[in-house]
Amino acid sequence: MKVKYLIEKIEGEAELEFDFKNGLVDNVNIYFPFYRGIEEILKNRDAMDALVITPRVCGICNHAHLIASVRAIENGLNKAGINIDLTQKAISLREFTLSCEIVQSHFKWFYLVALPQLLNLDRMKCPDNYILKASWASTNIVKALAIFSGQWPHASYAVPGGVSCDPTYEDIIQAESLVDEVIRFVENELIGMNIDEYHKRKEISNIKGDMAIIFGMLDKHNMKAKGKSYDRFAVFGEHPIFQTGQYNKKYSNDIDFAHIDEHPQHNSKAKSVTYKDMCYEVGPLARAIMTKNDFMLNLHDKYKDSVLTRVYARLDETIKLLVHIKSLLANLNVKELSCTLANMPKALEADGVGMVEAARGSLIHQSIIKDGKIQKYNIITPTQWNLSSGTQKEAGIAAQAIKGSVSIEEATFIFRTFDVCSVCTTH
Amino acid sequence: MGKDTMESVKKLFTTQSAKVDTNRGGEYYTDLYETCRKRLDELKALPVVNNKLDFQETIMDEGLDRRDFLKWASATTAMLMLPASFTPLVAEAAQVMNRIPVVWIELSDCAGNSEALLRSDGPKIDKIVLDIISLEFHETLQAAAGHQAEKQLEEAIELFKGKYLLFVEGAVPLGMDGQYGTIGAKAETFKDHLLRLANGAAAVIAVGSCATYGGIPAAAPNPTQSVGVMDVVSGKPIINIPACPANPSNMVGVVLHYVLTGKIPELDSLLRPKFAFGYRIHDNCERRAHFDAGEYVEEWGDNGAKNNFCLYKMGCKGPMTFNNCSIVRYNEAVNWPIGVGRGCIGCSEPDFWDKYAYERPMANANIKAPTGGVEKTVDEFGLALLTAAGIGIGIHAVASAVAGKKNSEKDA
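Protein chains in written order, with our numbering: chain C, 171 to 597; chain L, 125 to 536.
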């Protein structure tokens, strides 16, 4: 029996076409009925135009796109023999803004998508203050981001060689106080305990607050161990609190852009992506697995890449990042240079790759520049890794995770644990 | 450098760009006050469209008090270019906004305006106001999803026929019979969806550069043949609020104006509200003094950058861009692009993606520099192109001096 189902609230729509056999999902095809042609638009433009155009792929992870396109140019310059050494200040500011963007996205996913969807399973109306909570928390962390980036979404403050802003101590104090407020929100609302106590947790059941609600619901609906895919993970983007590499039965820190392939999909403009011919999961769970902390390793031993580990990883990462960005601000040396490359070389010939960890996983930009103009630009988004229908050989990551679901409600929740975004997938 | 170019540069920096009538005389405002008073009383008698959030309660939840609210009301009154005596009316209008049904749809976009306007931006009260008015019908924010949401939308446009404000985010792709973007289970194309919803709307408000001019999807070679709302919808009042993303204050301003007066605000010939797009970024820029003093950033990270000098030489498009960012700023007004040392990219101007884009020198940017009043700006692009940023700057020193002289002559 074939059933079509529309998924909304994902900044666009997705259509899932289920194949049911004996009451269980046997197969699923995923379509995104949307296309803008951003890569076509980038062709033949000035190399630097990418910095303005690519963020506009996505209203939620626009900053990750900006950093990826800057890194692609810098990588190309380095390969062309023009050495780019960022100052620690520039590195820290980019990291700060990138991390803030991940945090705001996770808040929105949790309060606007995941919790309401689960409450809906019980026909329970979602309390309106979830919307206000999401709005309050994401507004404040984005404000901290905008102090350095000028605006969010769609800032363009990162330039090859560094950043354009030159923050003062006052800016830093303002950002610190905003981060503190958001940490207080996390302690009071999200985890129901202070961060130190959270770090001492032994079990998931020790966690309180709104996070406890979601774990309780997963338990109640018997979904903790559902949603398993291939248990393969990849992390491409460099970030001091994430380890790059891949996991497929065993850990490896070797990961190479050259092994990535894109495959056109039937009926959809979104391409699927493979690494060494296999589908890999990217995102908070992949990052948590690669970081190998004990709590996660235990959870993974027990539940593998299930709904529980995936939901937990996304929320835990929110807290980790907030703690990390606080220390970034505390250690920022404002006396360092903001930018070390004064001007872009004329008639640039470069071929570079920029990889970044965005909210939903590894985001990759490849730009081939000839005579200062973009010859080819390729954008590979996290949702392409996770949300494709798959390849000839195997089903995609989310498609595999959905197999065996007992109902459409369960299947769509599993789908949403990957944090769906239509505009990125299709671009 | 040719004489034409020299003249045009002079003209660019000497013409008073602000031709917005901010004082229309006592009689006008007395009449307007009466009209607004009557309108608000009528609205108060109407049932609440959306009772999910109560304005007063929500303000309390956010830890704001009446004083914050009144501060906001007086700032908004000024933004709408109304006399201070209208402040109590604006405050009242904010509280009856939930009598105005709003439908918000997303077409070919990146959802950036939704993000900016509804969840991540705006002086606090703007955001609350937007949360309240748009909760019911905004796809991402409303409680319902899937078929339930579709049903809700259909009911809303039937029930509020002729009364609702339709907010549109995103461009309309016309290529391939509209198959580049479809919506709902019946795969209705974005164009058909827009036309159907616009048909029953009181007015259509295009939010962001995609909805106004086609935006990034319409950038050359425009793979999906995307256009803006005004290229597709006819026979309805259309208001354009460009910028990428559009500023929430301007959106709230438009809605408030409609609540207050029952009419759409005064527009320029690109259908932009004059209260927000009547001035150039350059006119009120915090770095303007450095421009006038000839102090520029010449390279990223140089001394000029450290001292917040003018970004004109780095390709700032502030002198060509009509918007109120320099006053309203972004993200609860914490900052704005020029504040972090990046020039304006002209994101609220038509075709910015092809003409302005990055810090491309103006000579390569095919810019027609605007001068004169707002209407003049868009209708009579009479200026020659600037030949090169560097030369332009050289000339500017002369032009500034001339400007100073002219003004003092006039004064005398």
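Worth flagging that the hints you see were computed from the coordinates, not collected in a lab.
This structure is a prediction, so every number in the text was calculated from the model and none was measured.
Mixed in with the good hints, there may be bad ones.
What the hints assert, rightly or not - Below, a sample of chain L positions facing chain C; criterion: calculated Cβ distance under 7 angstroms:
1) Val-144
2) Cys-234
3) Ala-343
Think of the CB as a built atom: it goes at the ideal place given N, C-alpha and C, for glycine as much as any other residue.
Verification of the supplied hints:
1. Val-144: Interface hint status for L/Val-144: violated (24 angstroms vs cutoff 7 angstroms).
2. Cys-234: With a closest approach of 4 angstroms, the L/Cys-234 hint holds.
3. Ala-343: Hint holds; L/Ala-343 Cβ to chain C Cβ min 5 angstroms, cut 7 angstroms.
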